[in-house]
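Residue numbers (my numbering), protein chains in the order written: chain A, 1 to 75; chain B, 1 to 358.
Take these hints with a grain of salt, some might be off.
If we take Cβ atoms under 8 Å as the criterion, some of the chain B residues that face chain A in the derived model are [stated by the list, open to error]:
hint	residue
1	Leu-30
2	Gly-38
3	Ile-52
4	Pro-150
5	Phe-152
6	Ser-176
7	Ser-228
8	Tyr-268
9	Ala-280
10	Tyr-331
11	Ala-356
Interface residues of chain B toward chain A, partial, derived using beta-carbon atoms under 8 Å [what the hints assert, rightly or not]:
hint	residue
12	Leu-47
13	Val-48
14	Gln-124
15	Phe-127
16	Ser-166
17	Glu-180
18	Asn-206
19	Ala-212
20	Lys-216
21	Ala-247
22	Ala-273
23	Ser-348
It should be emphasised that the hints constitute simulated quantities derived from the structure, not laboratory data. The beta-carbon is built from N, C-alpha and C at its ideal position, and this holds for glycine as well.
The primary structure of each chain is shown beneath.
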Amino acid sequence: MRRLVVAALSLALLGGCALKPIEPWVKPYERERLADPIMKFSRGSLAEKHVEHIRDVREGARGATGVQGGGCGCN
Amino acid sequence: MARFAALVGGLLGATAAHAIDLPEDRAEALIHTYSGGGVNAYGPALLVRKNIADRFALTGTYYLDAVSNASIDVVTTASKYKETRNEFGLSADYVYRDSQITIGATTSREPDYTANAGSVDVTQEVFGGMTSVSLGFTRGADKVGKHNAPEFSDTARHWQYRLGISQILTPRWIMSANVEALSDDGYLGSPYRSARVFGAFVPERNPRTRSARAMKLRLIGDLGSRDSIQASYRYFTDTWDIKAHTAELGYSRYFGDAFLADTFLRYYTQKHALFYSDNAQTETVFVSRNRQLSTFNSIGLGAKLSWTVKKVPGKYDVKLNGAYEYVHFKYSDFTDVRTGGAYAFNASVVQLFVTATY
Numbered sequence: 001m002r003r004l005v006v007a008a009l010s011l012a013l014l015g016g017c018a019l020k021p022i023e024p025w026v027k028p029y030e031r032e033r034l035a036d037p038i039m040k041f042s043r044g045s046l047a048e049k050h051v052e053h054i055r056d057v058r059e060g061a062r063g064a065t066g067v068q069g070g071g072c073g074c075n
Numbered sequence: 001m002a003r004f005a006a007l008v009g010g011l012l013g014a015t016a017a018h019a020i021d022l023p024e025d026r027a028e029a030l031i032h033t034y035s036g037g038g039v040n041a042y043g044p045a046l047l048v049r050k051n052i053a054d055r056f057a058l059t060g061t062y063y064l065d066a067v068s069n070a071s072i073d074v075v076t077t078a079s080k081y082k083e084t085r086n087e088f089g090l091s092a093d094y095v096y097r098d099s100q101i102t103i104g105a106t107t108s109r110e111p112d113y114t115a116n117a118g119s120v121d122v123t124q125e126v127f128g129g130m131t132s133v134s135l136g137f138t139r140g141a142d143k144v145g146k147h148n149a150p151e152f153s154d155t156a157r158h159w160q161y162r163l164g165i166s167q168i169l170t171p172r173w174i175m176s177a178n179v180e181a182l183s184d185d186g187y188l189g190s191p192y193r194s195a196r197v198f199g200a201f202v203p204e205r206n207p208r209t210r211s212a213r214a215m216k217l218r219l220i221g222d223l224g225s226r227d228s229i230q231a232s233y234r235y236f237t238d239t240w241d242i243k244a245h246t247a248e249l250g251y252s253r254y255f256g257d258a259f260l261a262d263t264f265l266r267y268y269t270q271k272h273a274l275f276y277s278d279n280a281q282t283e284t285v286f287v288s289r290n291r292q293l294s295t296f297n298s299i300g301l302g303a304k305l306s307w308t309v310k311k312v313p314g315k316y317d318v319k320l321n322g323a324y325e326y327v328h329f330k331y332s333d334f335t336d337v338r339t340g341g342a343y344a345f346n347a348s349v350v351q352l353f354v355t356a357t358y
């Protein structure tokens, strides 16, 4: 009996959660710190491109760096 | 399922008045050098970016690499050489509400190698600007030649498909996940490189196809005193049986209003390709002694300093930047035939550049 009550309560709780859509929890006015250059995944594209090229021609692995474009042109 | 539906509902329903802003107009001039393992490469690079009517931006880049190569492969099996690589790039961005589309093309020319590539990238902000999803595609086509051998001519084609998600976690933390599928087809080696079979040097023989997958996770956190910490990990695997791990840790900090310093530590390790051999003891269809396909690891330690020389808020700023990276490469199954020991070398990367936004 107790198990049944627990199960019914859990289901009700789960159902309650499911009905309420998840809202964005970090509001635009809370993103000031995230706009700073030190919080960016990518800065200064030429310097990054140079480093990327150096690694591309020496390492077996490539890709998924988040840098757009490509086309290494190296052998 | 209901929770998933609610999440999707939340994603689509969260239509806050947010739009992607194009980055500012920008110009960069860079001098770059690399020296290590007998290779010296240096040259200038330029970038100019101009916004048009707040919705379009055009970016032009030029990159020159003057290489003098006396690496271990070259000095032991060929002769030292010099050559220059010129690369031109042009890209256009278009922004509409929460979406950005970027179309780009690059062309790279060396006396014996020409590479052309075109790419399309689309970024869409969702979930009230907290999540950004990007999709990208690059197609490349290369022509491979050989000095003093007009009879040698081949081609290579490349395809890259990428998907990325960046997610704001809290007002201080942000993360991203990127995956990329890469396919190559055609001549994927070097006509100058030698493999070693039963102690004798013979031309290398590589497969003409290669498929790879890469996955990268990144995390950046604001530490609260005008500083931040970055961590990333990438896993790579391909049909040549290379498996690679890359881990990076970084720290950035402002000093006063004018200086920003970045430091990072990077560790890279990979397992050799199936057909890689330092000195093959059996005859196989494919054989290579390309160090890039061997088992090795590298450790890089880098620092960068950026000095804001002049800043007029809302109008322009000019920065002088200097970056240095020291890298140590250590090979497990590549013998230095001059000494008989395992090969290792150190390299230095130097960048000096000016950036201006206006």
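Q. Do the numbers back the hint for B/Asn-206, that is, is its least Cβ distance to chain A under 8 Å?
A. violated (11 Å)
Q.
B/Ile-52 was flagged as interface toward chain A. Is the shortest Cβ-Cβ separation under 8 Å?
A. At 19 Å from the nearest chain A Cβ, B/Ile-52 fails the 8 Å test, so the hint is violated.
**Q.** Closest C-beta approach of B/Glu-180 to chain A relative to 8 Å, hint status
**A.** Hint holds; B/Glu-180 Cβ to chain A Cβ min 4 Å, cut 8 Å.
Q.
So, as I understand it, the hint says B/Gly-38 touches chain A; can you test that by seeing if any CB pair is closer than 8 Å?
A. violated (13 Å)
(Q) So, as I understand it, the hint says B/Leu-30 touches chain A; can you test that by seeing if any CB pair is closer than 8 Å? (A) holds (5 Å)
Q) Is the hint on B/Ala-356 kept, meaning its closest Cβ partner in chain A is under 8 Å away? A) violated (12 Å)
Q. For the hint on B/Ala-273, does the least C-beta distance to chain A fall short of 8 Å?
A. Where the cut-off is 8 Å and the nearest Cβ of chain A is about 7 Å from B/Ala-273, the hint holds.
Q) Was the hint right that B/Ser-166 lines chain A, CB cutoff 8 Å? A) holds (7 Å)
Q) Minimum Cβ distance from B/Lys-216 to chain A below 8 Å? A) At 4 Å from the nearest chain A Cβ, B/Lys-216 passes the 8 Å test, so the hint holds.
Q | Cut-off 8 Å, beta-carbon criterion: hint that B/Ala-280 touches chain A | A | It is violated, given that the least Cβ distance between B/Ala-280 and chain A is near 18 Å, above 8 Å.
Q. Would the hint on B/Ala-247 stand, with a C-beta cut-off of 8 Å toward chain A?
A. B/Ala-247 check fails; min Cβ-Cβ to chain A is 12 Å, beyond 8 Å.
Q: Identify whether the interface hint at B/Gln-124 stands, where standing means a beta carbon of chain A within less than 8 Å of its own.
A: violated (15 Å)
Hints 2, 3, 4, 5, 9, 10, 11, 13, 14, 18, 21, 23 from the list above are not met by this structure, while the remaining hints are.
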